[in-house]
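Here the protein sequences come in this chain order: W and G.
What the first sequence shows, in the working numbering, is residues 1 to 225, in sequence order.
What the second sequence shows, in the working numbering, is residues 1 to 299, in sequence order.
Check each hint, because a few of them may be wrong.
Pairs of lysine-lysine residues, derived as DSBU-like cross-links and limited to a Cα-Cα distance of at most 35 Å, are as follows [what the hints assert, rightly or not]:
hint: 1; chain 1: G; residue 1: LYS214; chain 2: W; residue 2: LYS224
hint: 2; chain 1: W; residue 1: LYS74; chain 2: W; residue 2: LYS223
hint: 3; chain 1: W; residue 1: LYS74; chain 2: W; residue 2: LYS224
hint: 4; chain 1: W; residue 1: LYS74; chain 2: G; residue 2: LYS84
hint: 5; chain 1: G; residue 1: LYS84; chain 2: G; residue 2: LYS214
hint: 6; chain 1: W; residue 1: LYS223; chain 2: G; residue 2: LYS214
Source of the hints: derived by calculation from the structure; they are not laboratory data.
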Amino acid sequence: MAAPTTTRISELLTRLTGDEKHAPSAYSTLDVLWVLYDRVLRTAPDRVDDPDRDRFLLSKGHGPAAYYAVLAAKGFIPEEWLDDLAGPDSRLGHHPDRLLVPGVEIGSGSLGHGLGLGVGTALGLRAQGLTDARVYVLTGDAELDEGANHEAIAYAGATGLASLTAIVIDNQSSTHGWPGGIARRFHGWTSSTVDGRDHDAIERGLRAHTGTAPHVVVAVVEKKG
Amino acid sequence: MRQTFVDTATALLDDDPRTAVVLADISGAAFAPAARAHPDRVVNVGIREQLMLGVAGGLALTGLRPIVHSYAPFVVDRAYEQIKLDLNHQGVGAVLVSIGASYDASSEGRTHQSPGDVALFDTLGGWTVHVPGHADEVGPLLTAAAAHDEPVYIRLSTQHNAEGRPTTGMQTIRRGSRAAVVAVGPMLDTVLAAMEGLDVTLAYTNTPRPFDVKGLRALGHSDVVLVEPYLAGTSSAVVSDALRDLPHRLLSLGVECVDLRRYGSPEDHARWQGLDAAGLRQSISAFVAPGGGPARGRG
Chain W
1 MAAPTTTRIS ELLTRLTGDE KHAPSAYSTL DVLWVLYDRV LRTAPDRVDD
51 PDRDRFLLSK GHGPAAYYAV LAAKGFIPEE WLDDLAGPDS RLGHHPDRLL
101 VPGVEIGSGS LGHGLGLGVG TALGLRAQGL TDARVYVLTG DAELDEGANH
151 EAIAYAGATG LASLTAIVID NQSSTHGWPG GIARRFHGWT SSTVDGRDHD
201 AIERGLRAHT GTAPHVVVAV VEKKG
Chain G
1 MRQTFVDTAT ALLDDDPRTA VVLADISGAA FAPAARAHPD RVVNVGIREQ
51 LMLGVAGGLA LTGLRPIVHS YAPFVVDRAY EQIKLDLNHQ GVGAVLVSIG
101 ASYDASSEGR THQSPGDVAL FDTLGGWTVH VPGHADEVGP LLTAAAAHDE
151 PVYIRLSTQH NAEGRPTTGM QTIRRGSRAA VVAVGPMLDT VLAAMEGLDV
201 TLAYTNTPRP FDVKGLRALG HSDVVLVEPY LAGTSSAVVS DALRDLPHRL
251 LSLGVECVDL RRYGSPEDHA RWQGLDAAGL RQSISAFVAP GGGPARGRG
């Protein structure tokens, strides 16, 4: 991350959490989120209702500080909203609510819902001829423990739902792990496994979809402490 | 009812580009012609009910109107959290259409039965619930539901009345003086048979949610008997609240909250549940008799 951006995001995160000690690296999703919003997603604050926008679904809704910081940095939400996280009048909670936060595509928190919603969103866009719009769903390696994910992964792979990209933030937090690797769980998908802190590598992974199959990017970061 | 549902949904797919049907294999063959005509709007996800509801939520987020269909225990019980979060919490709706009401699938056993389905929607709020009593009610109810974006549950059954009554509000079938008996959906004809010679009002509704409170009060009775084809007492709180300014008595009849561990026919289960004409007559007679009869135990 370029130095000015790092400083900016750090300021926003401090504003959110009141905690000056946390470096951006403490947030497992931060770099992927930044690359998505800075380089990849075809969306913007003035496009949140545009039917043809790309959709980003944060399935892993817990610990959304990095998400809120990026949304604020990109102008989706006022920075002032960061000052009262989860307060009684705050629109920002410990899990995001799509009806409260502009640009948030799904309310999430209970794990394992984003991929199913993402499959439906991709199907709905296709049925309406909105073929440029892509659907990105961010999950975690531990979130993949939830069986609902595997219904969506199997269906998307078997039917070649090519407009769907899953991003798995792999901080090795799944209790029993994924022997043999995460990408191989995505049968029928193309995959890229990248350094989840390397912005260029993340971008290359996100752009590596082929147009014929759904694509998964496994973004490996430091093991959760 | 199931065939009428398939025919109506197929016609809606033809007529309204917003309509989509989401399946988890159940009724897949019946929707095969529709799937050939509208491959992008008839989605069979395989035997994956969590995904079926997630897909419905996603489709609705893009502006489509999903019609989601399976057996009641699979589309409601199994996917309850998806209904709660992928529909309600996202602020989107769908039309959920079930078959296999209560003990329709009596010979299949408990795994294929969901007498608690309507009660589960009461835990979520915002759902309209239709319980048609005849195939002729299914088409108008589904067509009306497909035209908006709110959450709607339509509970189809192999049990039915002789005559369709498509109106959704409380309909008075006959007048009497002792009490009002409200029959929901396919219970009507059995209740009518049970009431032979009893001096009570009989009313019908195929729409328990929202309950037609005004229609209930207009019946003019403070003694009320509810006969519901799903979990007994599902509408008790609604009716009690509707009559809270009046001294009133309420008898709530329906399917008891128990796994009988018996197969047999739906008629057998109706008899075991006291929901056949003889059982209903006994319960209702005791309730309207002087003294009101003993409090009814729950199984």
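The hints, checked one at a time:
Between LYS214(G) and LYS224(W) the CA atoms are separated by roughly 58 Å; this puts the pair beyond 35 Å, and the hint is violated. For the hint linking LYS74(W) to LYS223(W), the alpha-carbon distance of about 28 Å falls within 35 Å, and the restraint holds. Between LYS74(W) and LYS224(W), the direct Cα distance comes to roughly 27 Å. Compliance with the 35 Å bound is thereby established for this hinted pair. At most 35 Å may separate the alpha-carbon atoms for a hinted pair to count; LYS74(W) and LYS84(G) meet this at roughly 31 Å.
For the hint linking LYS84(G) to LYS214(G), the alpha-carbon distance of about 29 Å falls within 35 Å, and the restraint holds. Pair hint LYS223(W) plus LYS214(G) does not hold up; C-alpha atoms about 61 Å apart against a cutoff of 35 Å.
Hint violations for this structure: numbers 1 and 6, all remaining hints satisfied.
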